[in-house]
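With the hints as your guide, set chain B onto chain A.
Number of protein chains: 2
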Amino acid sequence: MSAPGRPKRELGDASPLVPVLAVVGIGLIGGSFAAALRRAGQVGRVLGVGRRKSSLDRALALGLIDEAVDYAEAARRADLILLATPVGAMRGALEALRPDLRPQALVTDAGSTKSDVAAIAREALGDRVGQFLPGHPIAGSEMTGPEAADPALYQGRKVILTPLDETPAHARAWLTRVWEACGAHVLLMDAERHDRVLASVSHVPHFLAAAYMAQVARAADADLRLSLAGTGFRDFTRIAAGSAEVWRDIFLSNRAAVLDELDAFSRALDELRRTLENDPDPRALEAFLEQAALARRLWDGRSAMT
Amino acid sequence: MSAPGRPKRELGDASPLVPVLAVVGIGLIGGSFAAALRRAGQVGRVLGVGRRKSSLDRALALGLIDEAVDYAEAARRADLILLATPVGAMRGALEALRPDLRPQALVTDAGSTKSDVAAIAREALGDRVGQFLPGHPIAGSEMTGPEAADPALYQGRKVILTPLDETPAHARAWLTRVWEACGAHVLLMDAERHDRVLASVSHVPHFLAAAYMAQVARAADADLRLSLAGTGFRDFTRIAAGSAEVWRDIFLSNRAAVLDELDAFSRALDELRRTLENDPDPRALEAFLEQAALARRLWDGRSAMT
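Here the protein sequences come in this chain order: A and B.
Each number in the working numbering comes from the position in the first sequence (counting from 1) with 10 added on.
Each number in the working numbering comes from the position in the second sequence (counting from 1) with 10 added on.
One or more of the hints may lead you astray.
[What the hints assert, rightly or not] Computed footprint of chain A on chain B; a stretch qualifies when at least three of its residues, placed anywhere within it, have a C-beta under 8 Å from a C-beta of chain A:
(1) 202 to 211
(2) 217 to 231
(3) 237 to 248
(4) 258 to 269
(5) 281 to 290
(6) 299 to 305
None of these hints come from the bench; they were simulated from the model.
For every residue, glycine included, the Cβ atom is placed at its ideal position computed from N, Cα and C.
Just chain A, with the same shape it has in the complex (with noise of 0.2 Å):
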């Protein structure tokens, strides 16, 4: 039996990386990974597998997936398999994958969340473990559907890649150059790490943001405090309009994480308001803003180089 992740096609050093690749899920994620692999010559096929026939068709008809077809042809005959859909789908996906999962297939995902997902794959696959390998690739945009895809998509951007104890070493290295085919680049690190890492830089502040904006529109005269809202309200308040199903179950895989890094976020408020209350103490009430000030002024300088 071949290791997952090594293609048995032989095919010479002109053959695609990814001889047959599947995606459950074509919308702006799905999508836009087989547009990019397309675009750089490393797909043969790409065959697509969705709930909804309708999304089906408009993938075939913009030339994202040669053909639509269900769980079990896609696992009889990918090389590569993606999961670009809710967390809350997967278990149902790898347990319809699993019966004809070919044992040289890899199976990867696009989740947000990774120790949920590698513990989801655990329970849905058993032995087969080793042939789910979880990524995270960090790019989105507010658009949706097969129309949304975009082969630059991941041009430039972040994708981590979560690897299990059971991740052989050569599909982590198959993995790494399917996504750098597509203009990512690729880190590695534990789901663990991820997990925490993602809670403090993305999902507190759309916690953080979403409770702001309620506490705003609930107080009796909403109507003008919204009327005399300006810019900096405008972006600190903008992730607050994501879908809030998606964001649900973000919050929910990753609880763990998230409420800790609300406990360091409340330590460091109550530090500020301490500089405010009782007995201000203008100084350190400075100094702290400008730690803030100076840390994101860096940020924006470094992120604009990459």
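Quick look at chain B alone, frame taken from chain A:
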């Protein structure tokens, strides 16, 4: 003695609303006010007062002001005096203007807090406090200095006036017309309400963004976190890059309202947090997030219309 806000010169219908304007502090806010009135043909002569000769020279060269004068001369000649200085400099400015202030002159300001400015004016002007009408144009830019002055800065923006009990009705009406000539929409409210509303939609977001930014920057793995921060993080923290000195003064001068609104925010945060900790309640979590998302999308739609 004429009443404040009613220029004694009677020049007929074609005369400008403001025969002689004095601006203390010719930067973005003060320079744009002079430029807007000049473009509208509603100002005769513009006097500039400032600490730094280099700024005054540049304002003269740019045609923003006609003459650089001292406080005494501005007080003796101007019909309207705009204090476009930090709140911390207003007491000194008012004390310097008072001895020579014409009885028919009106003084206003552009500070972002109003209760404290009213109290300062009451102390500095004494029985002439009726000649001071606090104001706050909700407009700004990242740029500073006379070069940043823009006659269109106030176009379509809101300006809040917070009249004192001593403010004559005609002074209120006249200053409203002056700001309208700059293209602004004028709202009247009392200073306490202004300060509470601005604490809510401007000061608290800055406070939270600063606390959050400092917490991330202090983490042991801050570099990794910041390297994985994306566009949500960018928008949520943008305001934290603002001047620490300016924001220190704003928080100190609007302390009570900021602390009250922080309390209200913390109650909302606690409520949202309770849906996630111990015994998570996915429905309540989603309902809270949905309320925030709908409020934010509604605001976007509304603000897009104005």
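How about the region 237 to 248 of chain B: do at least three of its residues have a C-beta closer than 8 Å to a C-beta of chain A?
It holds: at least three residues are needed, and the region 237 to 248 of chain B offers 11 whose Cβ sits within less than 8 Å of chain A.
With a Cβ-Cβ cutoff of 8 Å, does the region 202 to 211 of chain B contain at least three residues near chain A?
holds (count 5)
Against chain A, does the region 217 to 231 of chain B show at least 3 residues with beta-carbon separation below 8 Å?
holds (count 14)
Okay, the region 281 to 290 of chain B and chain A, do three or more residues pass the C-beta test at under 8 Å?
It holds, with 6 qualifying residues against the three required.
Coverage of the region 299 to 305 of chain B by chain A, judged on three or more residues with CB within 8 Å:
Since three or more residues must qualify, the claim that chain A covers the region 299 to 305 of chain B holds, with 6 doing so at under 8 Å.
With a cut-off of 8 Å between beta carbons, are at least three residues of the region 258 to 269 of chain B near chain A?
That given contact holds, which follows from 6 residues of the region 258 to 269 of chain B lying within Cβ reach (below 8 Å) of chain A.
Checked against the numbered hints above, the structure violates none of them.
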